[in-house]
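Colleague: Under our numbering, the sequence shown has 641 at position 127, and the numbering climbs by one with no breaks.
Simulated from the structure, these hints should not be mistaken for laboratory data. Check before you lean on any hint, since a few could be wrong.
[Said to hold, decoys possible] Across the chosen pairs, the derived CB separations fall in these ranges:
1. L573 with L639: 15 to 25 angstroms
2. L523 with L579: 17 to 27 angstroms
3. R610 with L573: 23 to 33 angstroms
Bear in mind the structure is a predicted one, so any value in this text is a computation, not a measurement. Heads up, the beta-carbon is just placed ideally off N, CA and C, and yes, glycines get one too.
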Amino acid sequence: VPSLSVSKLRSRGGLDPTHGFRHQYHLETASTAVFSDADYLLLRGNWRWLTTLAQRHMLLARVELGHIISDDFQAVAPSTRFYAGGDSSVRGYDYRRLSPRNANGESIGGQNLVVGSFEYAWRWLPSWRPAVFLDAGNAFTGGWQPLKLGAGVGMRWISPVGPVRFDMASAISEPGAPWRVHLTLGAPL
515 VPSLSVSKLR SRGGLDPTHG FRHQYHLETA STAVFSDADY LLLRGNWRWL
565 TTLAQRHMLL ARVELGHIIS DDFQAVAPST RFYAGGDSSV RGYDYRRLSP
615 RNANGESIGG QNLVVGSFEY AWRWLPSWRP AVFLDAGNAF TGGWQPLKLG
665 AGVGMRWISP VGPVRFDMAS AISEPGAPWR VHLTLGAPL
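Make a model of the complete structure from these sequences and hints.
Modeller: This is how it looks when you write it as structure tokens:
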């Protein structure tokens, strides 16, 4: 599948950034004239912004949007479709849980993707930061679908090889607001 990805990252702070902005754009296309089951054009973009106020208050915001243009979306491979939920998406939900489902209740991926997050972390000790966050998102086909919400608390450990993020998140849009644990390695940008 021919594709093109472009990204740019500007940050300060090395393995433990204190300020930064990252934007990424991805375009891919396929054609039935060139060994594909479907004609489609996939567009995806994501943006992450990090700032630190008064050397202790870290704010992280991220947005991810995607859309697949196709006259026959049902022919687009499930591996190409959009899914939301999980460590780097909407915390509180299982990985790839948020998407349309088939008759058996299995996630089959959506034509559209909308994900956003806002996080606050306090630089408590040089290597430890408690955090709170709110995530929202969904993957869907057809008309707009309500965004699912996840919220929770976490701890960031700045290890010698980079940040380790431990989060406890609640799927607050689900009945009973179940909790899930998420573990992520790497810088927030």
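Colleague: All hints, please: hold or fail.
Modeller: Tested hints:
Separated by about 19 angstroms at the C-beta atoms, L573 and L639 satisfy the suggested range of 15 to 25 angstroms. Evaluation of the 17 to 27 angstroms hint for L523 and L579 yields a pass: the beta carbon distance comes to about 19 angstroms. A C-beta distance of roughly 28 angstroms is found between R610 and L573, which places it inside the suggested range of 23 to 33 angstroms.
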